[in-house]
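Full structure from sequences and hints, please.
Protein chains: 2
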Amino acid sequence: MEQHASNTVPSTLSGADLALLDRYWRAANYLSVGQIYLLDNPLLREPLKPEHIKPRLLGHWGTTPGLNFIYVHLNRMIRARDLDIIYMCGPGHGGPGMVANTYLEGTYSEIYPDISEDADGMQKLFRQFSFPGGIPSHAAPETPGSIHEGGELGYALVHAYGAAFDNPELTVACVVGDGEAETGPLAASWHSNKFLNPARDGAVLPILHLNGYKIANPTILARASNADLRDLFQGYGYQPFFVEGHEPADMHSKMAAAFDAVFDQIRDIQAKARSGGAGTPRWPMIVLRSPKGWTGPKEVDGKKVEGFWRAHQVPVSNCRGDDGHRKILEDWMRSYEPENLFDADGRLKDDLQALAPKGNRRMGANPHANGGLLRKELSVPNIGDYEIKIGDRGSQAVQSTEIFGQYLRDVLKLNAKNANFRIFGPDETDSNRLGSVFEATDRVWMENIEPYDVHLSRDGRVMEVLSEHLCQGWLEGYLLTGRHGLFSCYEAFIHIVDSMFNQHAKWLKVTRELAWRKPISSLNYLLTSHVWRQDHNGFSHQDPGFVDLVANKKADIVRIYLPPDANTLLWVGDHCLKTYDRVNVIVAGKQPEPQYLTMDEAIKHCKAGIGIWEWASNEDNTIAPDVIMACAGDVPTMETLAAVSLLREMIPDMKMRVVNVVDLLALQAKEQHPHGLEHGEFDRIFTKDKPVIFAYHGYPYLIHRLTYKRTNHENIHVRGFIEEGTTTTPFDMTVLNELDRFHLAIEAIERVPGLKEKVPDVLDRLHLKLAEHHAYVREYGEDMPEVRNWKWPAS
Amino acid sequence: MEQHASNTVPSTLSGADLALLDRYWRAANYLSVGQIYLLDNPLLREPLKPEHIKPRLLGHWGTTPGLNFIYVHLNRMIRARDLDIIYMCGPGHGGPGMVANTYLEGTYSEIYPDISEDADGMQKLFRQFSFPGGIPSHAAPETPGSIHEGGELGYALVHAYGAAFDNPELTVACVVGDGEAETGPLAASWHSNKFLNPARDGAVLPILHLNGYKIANPTILARASNADLRDLFQGYGYQPFFVEGHEPADMHSKMAAAFDAVFDQIRDIQAKARSGGAGTPRWPMIVLRSPKGWTGPKEVDGKKVEGFWRAHQVPVSNCRGDDGHRKILEDWMRSYEPENLFDADGRLKDDLQALAPKGNRRMGANPHANGGLLRKELSVPNIGDYEIKIGDRGSQAVQSTEIFGQYLRDVLKLNAKNANFRIFGPDETDSNRLGSVFEATDRVWMENIEPYDVHLSRDGRVMEVLSEHLCQGWLEGYLLTGRHGLFSCYEAFIHIVDSMFNQHAKWLKVTRELAWRKPISSLNYLLTSHVWRQDHNGFSHQDPGFVDLVANKKADIVRIYLPPDANTLLWVGDHCLKTYDRVNVIVAGKQPEPQYLTMDEAIKHCKAGIGIWEWASNEDNTIAPDVIMACAGDVPTMETLAAVSLLREMIPDMKMRVVNVVDLLALQAKEQHPHGLEHGEFDRIFTKDKPVIFAYHGYPYLIHRLTYKRTNHENIHVRGFIEEGTTTTPFDMTVLNELDRFHLAIEAIERVPGLKEKVPDVLDRLHLKLAEHHAYVREYGEDMPEVRNWKWPAS
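Going down the list, the protein sequences come from chains A and B.
Here the first sequence stands for residues 1 to 795, numbered as in UniProt numbering.
Here the second sequence stands for residues 1 to 795, numbered as in UniProt numbering.
Some hints here could point you the wrong way.
Note that identical chains are pooled: a pair holds if it fits in a single copy or bridges any two copies.
As the list claims (entries may be wrong) - Capping the alpha-carbon separation at 25 Å, the derived lysine-lysine pairs in BS3-like fashion look like this:
| # | residue 1 | residue 2 |
| --- | --- | --- |
| 1 | 709 | 756 |
| 2 | 709 | 670 |
| 3 | 578 | 376 |
| 4 | 688 | 709 |
| 5 | 607 | 578 |
| 6 | 690 | 709 |
| 7 | 769 | 655 |
Derived from the structure by calculation, the hints contain no laboratory data.
This is the structure:
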C-alpha cells in the first residue's frame, strides 16, 4: 500500500448512510463467522459453550469479509440506480459470505423455507454449513445468485463476460481474488474486453480483490506496486480505480465513491456506444486492497492472523477444547454487536432490511443467475433441407462439417432477433469448414478493423480467440445465463479445458438435484480436425482422449456422438442443440468423406444409436454371421467398409455383418447409461459368441470399458489410436495405428475359426498391400490411388 | 505500427556486416521454403517442373521468416560475446525454420549424417519434411536444439523459465507468437520473472513476435497500440524494446541494435545481483513487429498474402497443377538468390558459414537442449532412515506425506551443492504436510519480503504459484535441461494440466526413439489432498480421474502408484526420483492414517506391485478363499481392512484373501505394460473364479479396463468414486460412494455363493450400521467414534 490511490473521488454519502452500510456489513460478517463455527446459540444469547461449537471447523474466513463488503456496496448501487447486477464470486471459498448476504436480503429463505428469517432459521443456517447433509463450503449451485462454482480458480472473469454478452441491461460485478489472478485462464480473461460490444452487450465490472495472501504465501499482484498494477491493467485496456485501507468507515466512504465513479463511467460508455459513438472503450475496474480476514482476530497464540495468510481458513481453531480460543471467537462475534443487527426474533432489523434491493433486483434472486428461467427455445431449421442426397452409397465425397455449417448459418439467422446463439472456437471456424456461418454473421472484434480484414465486425456472433479457456468459459457463462451455443475445437486441444469441463459437469449434476434451478441449454462440443486428419500438423495435434474423460461423468449428464457422414451429423447436431443440462460431444471430420445414409436412414440410425448396416453386410439372415465388423467414427467407418468390400470380393462366402455405432454410450448397459442398449438387443446385434472386429476412433480401451458387462465382450477386438502419431498421409496414419482396411481384413480372417488356413493367399495379398502402401507413400508422399479414390462398390 | 519505437539505439554494424546477416537470413528462408515445397531440384539448377513439387504441400510459412530473422541475430550475439543461448521456439509451427538453421550451422548433418551439407543432402532435407517416414511439420524432439514441441500453444515462456533456473550462465531466448500470447498459460507466464533470481539463475529474453495474425484472424496484441503494449509489459515487470518494420536492411540494423542493448542490460542486471546488489530487476524484452510471411508472395490470385493471415500455412498452393502458381513459387525462391548463398556443391558459402557459432555454442548443439547430456544423478538418502516402525499393525496413525517430507528435506540437502532439485506446487507444500522441506530451504520469492513472512527467500528451492500451468511448465523446462523435480498438487486440479502432461508424454515417447536424445529425469507427481479427504472443500475438489488419462499413454512412459502407508510411499517416492524418461504419478493422502507394512515388507510389496497381505487374510492355504478383498489406495485399503475385520468377527468361517495393489498398471497383462503381472501370477493372486471385491481409489471403470484380459475379470466387482461428492466427513464420503467398510462387507457376503442366506442377521447388522452412521453424522457433524478410532485388531 506504498502508493496512494489518486483517481477515486470523495464520497457524497452522509455519516448516517455510511454507518448503516457498516452495520449491514457487520451483519453479513456475523452470519459468516456463525456458519463456520456454531452449532447452536446463534444470537449469542448466552456465553459460548463447547457444545455450541461444531466439532469439525471447516470453511474459509479470509476472503469473506471483503466479499461481504463488496456485496453491501453493490446493494447500495442497485437501490440507488435501479441496476440489474449479478455477483460473480471468484473467491468461491467465501461461500459463507454469499450465503449470509442472500439470507439477509431474504432470497435464501424464499428458496429454502426451512431456513427462516428468525433465530431458529439462523441456527439451521449455521449448522448446515459444511455439515453432513448440509451445504458445501464454497459458493455452489446450492447458493442463490451464483452461476460460478467456488473451488477450481481461474474462471470468474471469463464467466462474467459470457454472462454479459447479449445482455445489454446487465452488469456483472466480478470479484477476482489475488490468488485466482495468478492462474493462466484468469490472466488471459482480462483481454475479454476486446470482445465486448458496449452497444449490444452488458458491462463487466472487474473488482480485483487484493487481500495479500494465498494459503501460505503472499500473492504476486498484492506485492506489486500500484504503479505496476496501473500499468498492467491499462495495458489490458482498463482504467483502474484503487480503493485501499482497513479502517471500516474510511473504506466505506472510499468504496462508495469509487462505485459512484465507475458506474457513472459504465453508463457513459454505454450511452455513447448506443447513440452511435465509435471507438473502443476503456472500461473501469476496481483494485480493492483490504486485509485478509478483515475484522477477525488480530492474533492467535501470539501469531499474526488478520492481514496474513493464517486467516485463510479457520483463524482460531480449537474453540471446543480451548477456553482461550473460544473466548477469542466469542469476542470476535460480539464485536459485530449482534444485538444491534437482529431483533428479538433473530430477524434483521428493519432499518437494515431497507438496505437490500427488492424482488428480482436482489442479487440472490436475479434471474440471470438462474438462466433457465430466462431461456428461450432455440429456433432451428428443418434438417431435411440440408440433406445430402445419397446416390450410389459411399460414392460421393462431402465435407460433413461444411453441410453442418449451412445448418448453423440458418440457426444464426433464425435466432438473430433473440440474440441468444453464439459460436465459439479458437480461430478455426473456417478451417473447420463451418465458413457458411459467415453468410449470416461475422467474427466479433472490438480492436481496429482494417479494410482488408475478412468477416470481422463489432456485431459478429462468432467468437474466436486462441484460448480454449476463454472459448469454454465464455460459453459456460452464456449458457448459465440462459442462452445457447456451440464450441468447435481441434480434438486434441480440447484437453486444455478438461478441468473446466469437469467443473461444468459437476455443476450440472448438482443443479439437476435442485428443483429451483431451471434447466439450461447443453454445452455442445464439435470436435473436428480430429486425430486421423491432421495433415498440416503431427503428433502434437493427435489425441482422441477427451471422450474418455467425458465418459467418467454421471451418465445422465453426458453424451458422445460419432456421426459417420453428413446426414448423421445433421441429425446429431440438431438434436444436441435442443437438449438441456447436458454436455454433448460430437466428433466428426472436416475432410471430404464418403456419404452413406439417406436422411431417413440417418434419423433411424441415430435414434437407435447403434445399428446393423444391412446394405454393407453380406450375412445370411437365417444364421449368425462369421464375423461382426463394427465401427465408430468417420475414418474407422470408411476403413471398415473398405475392409468389408475387399473381403466380399476376395472371400465371397465369408459372411459379415457391419455394425455402426453413432451414440457411443449406447454400448454401455442400460443400468449404466440411459442410452445403453438392452442386453437382448445388444446380443442380437453383436451376437453372443461371434468375433467382433471393432474399429474405433479413439483409444481402444474405452470400448472395452463400455462393453465389459456384455455377453460377448471377450470376443470384441478393438483397434483404435495407439499413440502412433506423426505428420503423414491420412491413410498412413491408420496404417501406423493398425486401424486400416488391410489390418482390419487380416484380423477378421484370423478371428473366424478355421478360416485363415483356407485362404492363405488372401492373407498374403493383404500383407502385400500393406507393403505396397508403405513403399508408395515413402516414394510419392501421398496415398495410393486405390486408397485415395476408394468408393464403396455400387450394388 | 502506428507508433514509433523510441527505446532502441542505433546499430553500430557496418553495411557489409548487415549484408552478410541478410544473406544468411535469406539462406534460412530459402531452405524453409524448399522444405515446404520441393521434392527435387533443390538448388533450382533448372526451371521448376511439376514433378519437383511435393504432391501434398504441408507446413507453415507465415511465422518462419521471423523465426529465422531472430535466429540469425542470436547467432551474431553468441559469436560477438561468447554467449550460452538456447532458442525456445514458441511458434513451433515454424519447424522449417528451426531445421533450416540447424542445417546451416552444421548441427543437423552431424546428428543426421544422411542429410549432408551438399545438394544431395539438401534434397533429402527438403523431401523429408512433412513427408511419410520423414520429420514432423513442427519443431519436435527430432529437431536439434529444441526442448519445446510445436503444436499446442502456451508453454514456450514457462519452459524458458524452467530451463533458466539454476543455470546462471544460460540465456534462454524465447520467441512468443502473438497467437500463443492469447492463451491463458502464456498470459500467466510473464509473471515468472517474480521467481527468477539473477544471482543464481540464468536469463530469459522474451521476444514477442507480432506478425499480426492467427489462422484466419488478427491477434489481440498485434492490434494493440504500442502505448498499451508498453504499459502491459511494464506492468508485468519488464522493460520492452520495440523493433518494427518490414524493409530488411532497416530491420537488421534495428534488431542488431536492440539485441546489443538488451544483452547489455542482462549483463548489468546479473553483474549487479552477483556482486550483492539487491532489488528486483526489470528484465528487458523485445516486441518484434514484422509481416506474416515476410519476403513471401505479396499477392496470390489477386488476394493479399504477405502481411496477412493467408500467409499462415502454404501461401501459394497449386504449384503442381497451376503454371502460374509454380511461377510465383519459383520467383519467390529465386528472390533469395540461391547461387549467392550456396556453392557449386550445394554447401553454404564460406563467408556465410563464418557467421554461425562453433561447437556447443551453436543453438542446435547446445547441450542444455539435450538435457540428458548434462544430467547428474540425484543423491538420495537411505529410505530406511525414515522407516515408520510398525508395532501392532494398523494401530498408529501417521501422516504419510509428512514422513515423505522428511525424506525430501534430505534430498534437498544432499543436492544443495549441485543445485539441481526443486519442488513445485500451487501454494500447498505445507498444506500437503511436506513442511519439513522448509528446514532445508525456502519458497523462492523475488518481490518484497516482509518481516513477518515465513519461509520466503530469494534462494528458495520450493516454487509455489497458484497456477498449475506454471508449476508444470517450469518443471518440464527444468527436467528437459537435465535436472530433477517433484510436483505436488491437489488431485482434482491436476486436470488443469492434462494437456501439458499429454504433450510431455508425447515428447518422451518420441525421444526414446532417438538415440542422440539422452534420457532425462522423470516427471513426478505427488497427488495428495485427494478425493477422499477434502475436508475444507467439496465436490469441486473431488476428481480422481487424472490417472485415467495417464493410463492412455504408451505403457513404457507411465507409472501409477497408490502407496497405502508411509513406508510404501517412501519406497515409491524414492524409486520414482531415480527413474528417467517417464511420468510417475503417486497418489497418497496427507491425513493421519493407519500404518501396515514394515520397510522390508513395503519394499517387497512395492517391487511386486500387487501382493497378498497374509496377515490380514484368514484363508485356509490349502483351498481357495471364498472371496478376494482387493484394494488400491490408502482410503480403500483402510476400508477394506475394516470390512475384513468386521467379517472375521461376524462370520469367522468366511475365508478371505486380502490383496493390495500399489503399482496400478501391474493389473494389466504383461503384453500391455512392462509392469503387468504374468497371467499365471495374476490368476494365483486373484484366482480364476472367486469373487473379487475391489475397493479402488478412483473411477471404477479403470480397473475394468486394466483387467479385461484377465481370466477372472467377470468376477471383479469394483467400487470407487461414483461422482457423489460434497463437503462432509471423511467416512461419509466413502458411504456416499458406497466404498465404505459396510458396503464392502455386504457385497462380499452377497457375492459368495450361498452365504447370504446363511447370515441374514449379519446383513441386517451391517445395514443397521449404515443407518446408524447416517443418523450420527447428521446429528453430530463428525464420524462415529468406532469409525474415527478404528484400528486393525491386534493379532
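Please work out whether the CA atoms of residue 690 and residue 709 approach to 25 Å or closer within one copy, between two copies, in both situations, or in neither? both (16 Å within a copy, 17 Å between copies)
Alpha-carbon proximity between residue 769 and residue 655, which holds within one copy, between copies, both or neither at 25 Å: within (22 Å within a copy, 57 Å between copies)
Treating 25 Å as the Cα threshold, decide for residue 709 and residue 670: within, between, both or neither. both (10 Å within a copy, 23 Å between copies)
Tell me, please, which holds for residue 688 and residue 709 at an alpha-carbon limit of 25 Å: within, between, both or neither? Cα proximity of residue 688 and residue 709: in one copy and across copies (12 Å, 18 Å).
What label fits residue 607 with residue 578 when the C-alpha limit is 25 Å: within, between, both, or neither? Cα proximity of residue 607 and residue 578: one copy only (14 Å, versus 53 Å across).
Checking an output row: residue 578 and residue 376, CA cutoff 25 Å. Within, between, both or neither? within (11 Å within a copy, 59 Å between copies)
Up to 25 Å between alpha-carbons, please classify residue 709 paired with residue 756: within, between, both or neither. Result: close only across copies, 24 Å inter versus 30 Å intra.
Of the numbered hints given earlier, the model fails none.
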